[in-house]
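Student: If you're matching them up, the sequences are chains A and B in order.
Letter 298 of the first sequence, counting from 1, is numbered 299 in my numbering, and no numbers are missing.
Letter 41 of the second sequence, counting from 1, is numbered 42 in my numbering, and no numbers are missing.
Honestly, I wouldn't trust all of these hints.
Since the list can't tell identical chains apart, any single copy or any two copies may satisfy a pair.
[As the list claims (entries may be wrong)] When the alpha-carbon atoms are kept at most 20 Å apart in a straight line, the in silico SDA-like pairs for lysine to any residue are as follows: (1) 384 with 14; (2) 322 with 123; (3) 172 with 82; (4) 269 with 235; (5) 269 with 246; (6) 172 with 20; (7) 384 with 15.
If you are wondering where the hints come from, they were derived from the structure by calculation, not from laboratory data.
Predicted model only: the values in this text are computed from it and were never measured.
Number of protein chains: 2
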Amino acid sequence: MRIEAIDFYYLSMPTVEDIGDGSQDALVVRVAAGGLEGWGECEASPLTSIAAYVAPMSHGACKPLRDVILGQPITGVADITRLAAEVEMQCMDLLQAAHTFSGIEIALWDLLGQASGQPVYQLLGYRQAYPKLPYASQLFGDTPEQTLTGCRVARERGFRAVKCGWGPFGKGSVQLDRDHLHAAREGLGKDGILLIDAGQIFREDVEAAAARIPFLAEVQAGWLEEPFLGGAYGAYAGLAARSDGVKLAGGEASHNFHMAQQLIDYGKVEFIQIDCGRIGGIGPAKRAADYAASRGVTYVNHTFTSHLALSASLQPYAGLKDHVICEFPFAPKAVALDMTTTHLLPDSNGEILIPDTPGLGITMNIEGMRPYLVDTELAVNGKVIYRTPNL
Amino acid sequence: MRIEAIDFYYLSMPTVEDIGDGSQDALVVRVAAGGLEGWGECEASPLTSIAAYVAPMSHGACKPLRDVILGQPITGVADITRLAAEVEMQCMDLLQAAHTFSGIEIALWDLLGQASGQPVYQLLGYRQAYPKLPYASQLFGDTPEQTLTGCRVARERGFRAVKCGWGPFGKGSVQLDRDHLHAAREGLGKDGILLIDAGQIFREDVEAAAARIPFLAEVQAGWLEEPFLGGAYGAYAGLAARSDGVKLAGGEASHNFHMAQQLIDYGKVEFIQIDCGRIGGIGPAKRAADYAASRGVTYVNHTFTSHLALSASLQPYAGLKDHVICEFPFAPKAVALDMTTTHLLPDSNGEILIPDTPGLGITMNIEGMRPYLVDTELAVNGKVIYRTPNL
Chain A
2 MRIEAIDFYY
12 LSMPTVEDIG
22 DGSQDALVVR
32 VAAGGLEGWG
42 ECEASPLTSI
52 AAYVAPMSHG
62 ACKPLRDVIL
72 GQPITGVADI
82 TRLAAEVEMQ
92 CMDLLQAAHT
102 FSGIEIALWD
112 LLGQASGQPV
122 YQLLGYRQAY
132 PKLPYASQLF
142 GDTPEQTLTG
152 CRVARERGFR
162 AVKCGWGPFG
172 KGSVQLDRDH
182 LHAAREGLGK
192 DGILLIDAGQ
202 IFREDVEAAA
212 ARIPFLAEVQ
222 AGWLEEPFLG
232 GAYGAYAGLA
242 ARSDGVKLAG
252 GEASHNFHMA
262 QQLIDYGKVE
272 FIQIDCGRIG
282 GIGPAKRAAD
292 YAASRGVTYV
302 NHTFTSHLAL
312 SASLQPYAGL
322 KDHVICEFPF
332 APKAVALDMT
342 TTHLLPDSNG
352 EILIPDTPGL
362 GITMNIEGMR
372 PYLVDTELAV
382 NGKVIYRTPN
392 L
Chain B
2 MRIEAIDFYY
12 LSMPTVEDIG
22 DGSQDALVVR
32 VAAGGLEGWG
42 ECEASPLTSI
52 AAYVAPMSHG
62 ACKPLRDVIL
72 GQPITGVADI
82 TRLAAEVEMQ
92 CMDLLQAAHT
102 FSGIEIALWD
112 LLGQASGQPV
122 YQLLGYRQAY
132 PKLPYASQLF
142 GDTPEQTLTG
152 CRVARERGFR
162 AVKCGWGPFG
172 KGSVQLDRDH
182 LHAAREGLGK
192 DGILLIDAGQ
202 IFREDVEAAA
212 ARIPFLAEVQ
222 AGWLEEPFLG
232 GAYGAYAGLA
242 ARSDGVKLAG
252 GEASHNFHMA
262 QQLIDYGKVE
272 FIQIDCGRIG
282 GIGPAKRAAD
292 YAASRGVTYV
302 NHTFTSHLAL
312 SASLQPYAGL
322 KDHVICEFPF
332 APKAVALDMT
342 TTHLLPDSNG
352 EILIPDTPGL
362 GITMNIEGMR
372 PYLVDTELAV
382 NGKVIYRTPN
392 L
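Bound-form chain A, shown alone:
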């Protein structure tokens, strides 16, 4: 079969707020081939990723993804690998291509899973999917009291692990950060797994990050995530050398396998967090998971959007029994929930089970998507080169 159609649907809440909540919009991709359809999702800035799909060619190594992928044969996993390599070469100078391709690539896995009657994790070579322990991913409160309440609510909803991130952390005094950290620990309780996300706030300033280490150790933080700019491996390694047992996490910005590999090798993180909607899809994420396992580093999904993205993000390490923690969008906006009828909710053990059904195991909710659909049109020299397709 051949890739007959690739349709992008840009969904958004009516109002997008200036907060660190990635569930406020989505770029959903539908790929059709051989009477089947697969679904995927690109992370962030839907309009820009659509433009990368249709933009006129600049030269032989800067083509839009449409020119490279549409009409190509897709009969097995090797075709996905081949297409990914073609995109790397033919879209070399189109920076956004990795994000756009991510959603297409995920949809191709979903489609191949349906064609073969297998869950994606089996196509990846895993015989079994192990349950994952979700952490409730949320923002720090504006005040320590709000942080405490947020963590308590998560615990009361059955979460044994919570991540607090962004918000005021790292922006004010060290003492204020300490208060937030203790409030989070108090809200979560002594036994919970407490994870902290600095959202790159310290840029390359190892001293500023190191000043928080004693307090992270006091509250037994399970990791400190993204203290620095994504590529500042030297800063990561510098902090790792003096982190007093506080492990570093990072990697969500990786837009190819090598960036993940390098954050492990040079940045000395002990948790590598991969977003399938950015790294180029499930294939390079699986390669990152294999590499992490070979280096004694724990793989963790990064996802802050829908349950379609969540399922995709779990496949690359589904069969890694000892890589247990998973990010779980705790309080997503309505668009992220309404776009699928399937939701991967914690079971009675508080764990997430990866679907055992073909493909990603997620049923899309067409009617649920419709109210959020953003009508988009791109025209060049008076000719429309993209218009939101029918849903």
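Given the structure of chain A, go ahead and fit chain B onto it with the hints provided.
Tutor: Quick look at chain B alone, frame taken from chain A:
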């Protein structure tokens, strides 16, 4: 003064060919502040970079550049540094942002140069600009005979250095590559500097690249450029360890300073090639030049488009006397020449002199641009969010 307007002009040849020639289109940026205007240029895929400027916000760390930059104060170099940091944080999840910002950032340097009456290289802290020795950058021919002719033409036009790249190199037999290499050397003559660009053709395959090393050594190639995918530092280092005196070059894909730093530290290149239209502009390129110099690595500009981009690309290492080689678009398409009235042509010594006039020293040719202007329109929910401004 404040940034009052940022206008993007997408220029293109009527027909863009599927060849490795980056001069077939351009995205030119005009920034207005305090009655002055500065000009810059983004590298590749104009429509995608425009989309990154206007795309609706996805969340607090995924804003369009317009929201971050327009209206901001710009009175000195520190403002450029501050804006770059803001873009890194507020456009963190918008991959294309680095390319879009590059053009804006270049225009800001041009504007500040005019405001202060100084060439950009002086704003960067250099007291003097040293002449650069241009290499004629061209594609390998389809046959060794064509390669020979191309190099001979360059030599006859006074170039003492030539780079051959892309085309058939690495795609066929080792013997065919050898024939092309010897043809290039024959065309250029014994004394010329011969540079070879593999265009990432070997991906991560060190053996395939290493098989060409003896022939590169035979023809005394000055460097082997981009044998591998931009992030495959392990492959770079592996080849560097067995390169028999053939030096490696790379770095054009760097879209932040750290990527350049890492290719030096981990990839062991001896020439670091930076495209100001991709790395985030002149500021991070200067930082890369400083870093290269401190590590005994030679900085080289990467540019394959207009003389506006060429001037921008020379500023970051203008004052590095021992970093002599510069890339020079040898046979650009008409759009790349017609958009400026200033052209930085080799002098009687065959060298390029960096303009001594304020800013980038390039006068734009508005009438020259007009025939190439691509009318572009982006609309979301029926509302036009971008339309090509008047020129």
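Student: First find the shortest C-alpha distance between residue 322 and residue 123 inside one copy, then the shortest across copies, and answer within, between, both or neither for a cut-off of 20 Å.
Tutor: Answer is within; shortest intra-copy Cα gap is 15 Å, inter-copy 58 Å.
Student: Between the shortest in-copy and the shortest cross-copy C-alpha distance, which are at most 20 Å for residue 172 and residue 82: within, between, both, or neither?
Tutor: between (42 Å within a copy, 19 Å between copies)
Student: From the Cα coordinates, with 20 Å as the cut-off, is the pair residue 384 and residue 15 best called within, between, both, or neither?
Tutor: between (28 Å within a copy, 14 Å between copies)
Student: For the identical chains here, do residue 269 and residue 246 meet the 20 Å Cα criterion within one copy, between copies, both, or neither?
Tutor: For residue 269 and residue 246, the Cα distance is within 20 Å only inside one copy (13 Å; across copies 32 Å).
Student: Within, between, both or neither: how does the pair residue 269, residue 235 come out at a Cα-Cα threshold of 20 Å?
Tutor: both (9 Å within a copy, 16 Å between copies)
Student: Between the shortest in-copy and the shortest cross-copy C-alpha distance, which are at most 20 Å for residue 172 and residue 20: within, between, both, or neither?
Tutor: Result: close within a single copy only, 15 Å intra versus 48 Å inter.
Student: Give the relationship of residue 384 and residue 14 under a CA distance limit of 20 Å: within one copy only, between copies only, both, or neither.
Tutor: Answer is between; shortest inter-copy Cα gap is 17 Å, intra-copy 29 Å.
The structure shown violates none of the earlier numbered hints.
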